[in-house]
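Use these hints to put chain S onto chain W, whose structure you have.
Number of protein chains: 2
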Amino acid sequence: MRNFEFLSPTKIIFGKETHKQVGSVIRSYGYKKVLIHYGMQHIKKTGLYDQVVESLNEAGIQSVELGGVQPNPVLSTVRKGIDLCRQENVDFILAVGGGSVIDSAKAIGMGVPYTGDVWDFFEGKAPEKTVPLGVILTIAAAGSETSKNTVITNEETLTKRGAAFDCNRPVFAIMNPELTYTLPAYQTACGVVDIMAHVMERYFSTERNVELTDRLCEGVLKTVISNAHTVLDEPNNYEARAEIMFSGSLAHNGYLGLGRTEEWVAHRMGHEISAFYGATHGETLAIMFPAWMKYVYKHDTAMFAKFFNRVFDVEYDFFRPENTVLRGIERLEDFYKSLGLKTRLRELNVDPSLFPEMAKKANSRGKLGNILKLEDEDLVKIYELAY
Amino acid sequence: MRNFEFLSPTKIIFGKETHKQVGSVIRSYGYKKVLIHYGMQHIKKTGLYDQVVESLNEAGIQSVELGGVQPNPVLSTVRKGIDLCRQENVDFILAVGGGSVIDSAKAIGMGVPYTGDVWDFFEGKAPEKTVPLGVILTIAAAGSETSKNTVITNEETLTKRGAAFDCNRPVFAIMNPELTYTLPAYQTACGVVDIMAHVMERYFSTERNVELTDRLCEGVLKTVISNAHTVLDEPNNYEARAEIMFSGSLAHNGYLGLGRTEEWVAHRMGHEISAFYGATHGETLAIMFPAWMKYVYKHDTAMFAKFFNRVFDVEYDFFRPENTVLRGIERLEDFYKSLGLKTRLRELNVDPSLFPEMAKKANSRGKLGNILKLEDEDLVKIYELAY
Chain W
1 MRNFEFLSPT KIIFGKETHK QVGSVIRSYG YKKVLIHYGM QHIKKTGLYD QVVESLNEAG
61 IQSVELGGVQ PNPVLSTVRK GIDLCRQENV DFILAVGGGS VIDSAKAIGM GVPYTGDVWD
121 FFEGKAPEKT VPLGVILTIA AAGSETSKNT VITNEETLTK RGAAFDCNRP VFAIMNPELT
181 YTLPAYQTAC GVVDIMAHVM ERYFSTERNV ELTDRLCEGV LKTVISNAHT VLDEPNNYEA
241 RAEIMFSGSL AHNGYLGLGR TEEWVAHRMG HEISAFYGAT HGETLAIMFP AWMKYVYKHD
301 TAMFAKFFNR VFDVEYDFFR PENTVLRGIE RLEDFYKSLG LKTRLRELNV DPSLFPEMAK
361 KANSRGKLGN ILKLEDEDLV KIYELAY
Chain S
1 MRNFEFLSPT KIIFGKETHK QVGSVIRSYG YKKVLIHYGM QHIKKTGLYD QVVESLNEAG
61 IQSVELGGVQ PNPVLSTVRK GIDLCRQENV DFILAVGGGS VIDSAKAIGM GVPYTGDVWD
121 FFEGKAPEKT VPLGVILTIA AAGSETSKNT VITNEETLTK RGAAFDCNRP VFAIMNPELT
181 YTLPAYQTAC GVVDIMAHVM ERYFSTERNV ELTDRLCEGV LKTVISNAHT VLDEPNNYEA
241 RAEIMFSGSL AHNGYLGLGR TEEWVAHRMG HEISAFYGAT HGETLAIMFP AWMKYVYKHD
301 TAMFAKFFNR VFDVEYDFFR PENTVLRGIE RLEDFYKSLG LKTRLRELNV DPSLFPEMAK
361 KANSRGKLGN ILKLEDEDLV KIYELAY
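So the protein sequences, as listed, match chains W and S. Note that this note's numbering has the first sequence beginning at 1, numbered continuously upward. Note that this note's numbering has the second sequence beginning at 1, numbered continuously upward.
Hints were generated in silico from the structure; no laboratory data involved. Among these hints, one or two may not hold up.
[Unchecked claim] With the C-beta cut set under 8 Å, the calculated list includes, among others, these residues of chain W facing chain S:
id: 1; residue: Leu7
id: 2; residue: Ser8
id: 3; residue: Glu211
id: 4; residue: Lys222
id: 5; residue: Ser247
Note that the coordinates shown come from a computational prediction; the quantities given were computed from them, not determined experimentally. Beta carbons: idealized from backbone N, C-alpha and C, even for Gly.
If we strip away everything but chain W, and leave its shape as in the complex, we get (with noise of 0.2 Å):
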């Protein structure tokens, strides 16, 4: 187990009805004025818009609004935002939405203080302070509600880039599994997939002792799994939203990596495809996810055994190890077209004389991989297996 330090401090609100609280939790830390950030129309129609304002007002705090992230959130949403907050003297962002909302509010969050430009965050500088945030969560996805980690697409350069600071961890996260009822089921699906690879990319670890956080990491897999159709079937299941709700967040504040080495080959492969094509996060790792593990499984055939014997039950072939991962990969492959998803590049109309391209920038800050070192045309190589 390598060294580490952790540090959560976000308070968790979770349960039914929580969002109704969210004026008092703001005043109980003394804000004033509050950005309330949002996505489309959503949360209009929904009537959680109504009720965030109302809450707000009982309370006493006053608030503006800015609406219109996208998924995956830009530059230039974030830049009005810094702009809007610097104008009306706000001391506290709410973003009401899911990881795209919460990202774009991080980003402001840091550059509203900031002299210079926000974008200089995404590119290595860590800020100074920022204007702290809370969160309402309505997508149950990106983990963004408990994590320290921000990624906006610079629409300029399409170039989509992470950034994770512990000073962009919110203050307080109201996790109100009922918010989720209404999403479409696509959007749960890519969800599903964007929890279970937060896990995977820790999961796959050259650190072999780390008993702990492997089975911490299995545990949260088998129930994302376990509950996965059921929130497809039943979409107001209360028990199973809380289920992949709370599987989310920890999925990504950072607990199930220490003392890890972690991988993030398929997140950043994927981010390319977004950045080009604008495809849902979600989607393109269930996309790039197989394709690598097909690639690099031959590099720890052992680990890849037992996560598909462990998260997957597939029998551990004990003379031939190999074909328990292969099986494995066909099982989580099968497990990603039962939730409806595209699992192959080609299904998303992507090029692939751009492979070349995407290979670069995915490899821009610094060679991907831990398990095996990827130069530019092992990752073309991938990316035609995803194809």
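What follows is chain S alone, placed relative to chain W:
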């Protein structure tokens, strides 16, 4: 799943050599004068005490010290600590030790700014403010390093009581598994039992829809069980010590109980044995848990069968599920014995005529038990099963 709130702000600093950072860590929070609180002379013999003082001196932090905390920490030492902190204007308490030292430090932290008697906090009063504390952990067991709990014995009344407040969570917890190498086998074994008990008290719940935390509990227990004999056979095995230490913290920081009811019957019944006989906490749990299980399992055979099947690999008996439980309880007792621990009250020379008094005291703050509400007579029967 029940609604819940959760906050775990303790910064975890985990790994080799990490205790040498303590001075700079405390300085980073701005504290000036520290009470070093510890147990018997062990940390002076091993050189840990000198390393701590050196690190504080280098960081320019002043310190005073109070040692002498016993296992089952007592109120008189807490009172001494309160007086000393007031006299010396201490603004931070550094607990160097295991659960007893940390619990004593938490009690001192509550008592210093309070004008009444510190025992009030063990009778239900909530503290308004506290002197904050940090931890250098030397025993993996109590989980007090990241928990909100403290348990203190009032020697005058032979009463052992717990108090749980979020403001008692340490600011930081430095966890270096190397510091546990010198722990005697008996204390190591008691720690293993204590960690398992913290998980089991949460696992046996009346709440059915708690799949994620069920699986997390199972993962922690399997990790502890699989590393228990390694740490006894090879006290200097870093990786096994690290798994146990990391598990001990997760077992009791509260996360595994989120959304659930919890039991705590074996703990409370064990506390009475400690209060009357000074018995080691872990050993009382090895005795009380199997007895409690024998008495209550019929009220939820499915849950106990799931536990023994998943955690102890007892093959599930589909036609007679009860047999899974009975075989499991035997396996649990065998496991405790294999750690070198006693599993019967008679081995501790407990006088059975005290059972009614112990039962009455254990039930004095509300009747124990959620799976089954336990009258005093029930508790006496459980003590008899444990005899």
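Now for the hints, and whether the structure bears them out:
Given the 8 Å rule on beta carbons, the hint for W/Leu7 holds: about 5 Å separates it from the nearest Cβ of chain S. Hint status for W/Ser8 relative to chain S: holds, with the closest Cβ pair at about 6 Å, below 8 Å. For W/Glu211, the interface hint holds, the least distance from its beta-carbon to any beta-carbon of chain S being 5 Å, beneath 8 Å. At a threshold of 8 Å, the smallest CB-CB gap from W/Lys222 to chain S is about 6 Å, leaving the interface hint in force.
Proximity of W/Ser247 to chain S holds as hinted, the smallest CB-CB distance being about 5 Å (cut-off 8 Å).
Comparing the model with each earlier hint shows no violations; every hint is respected.
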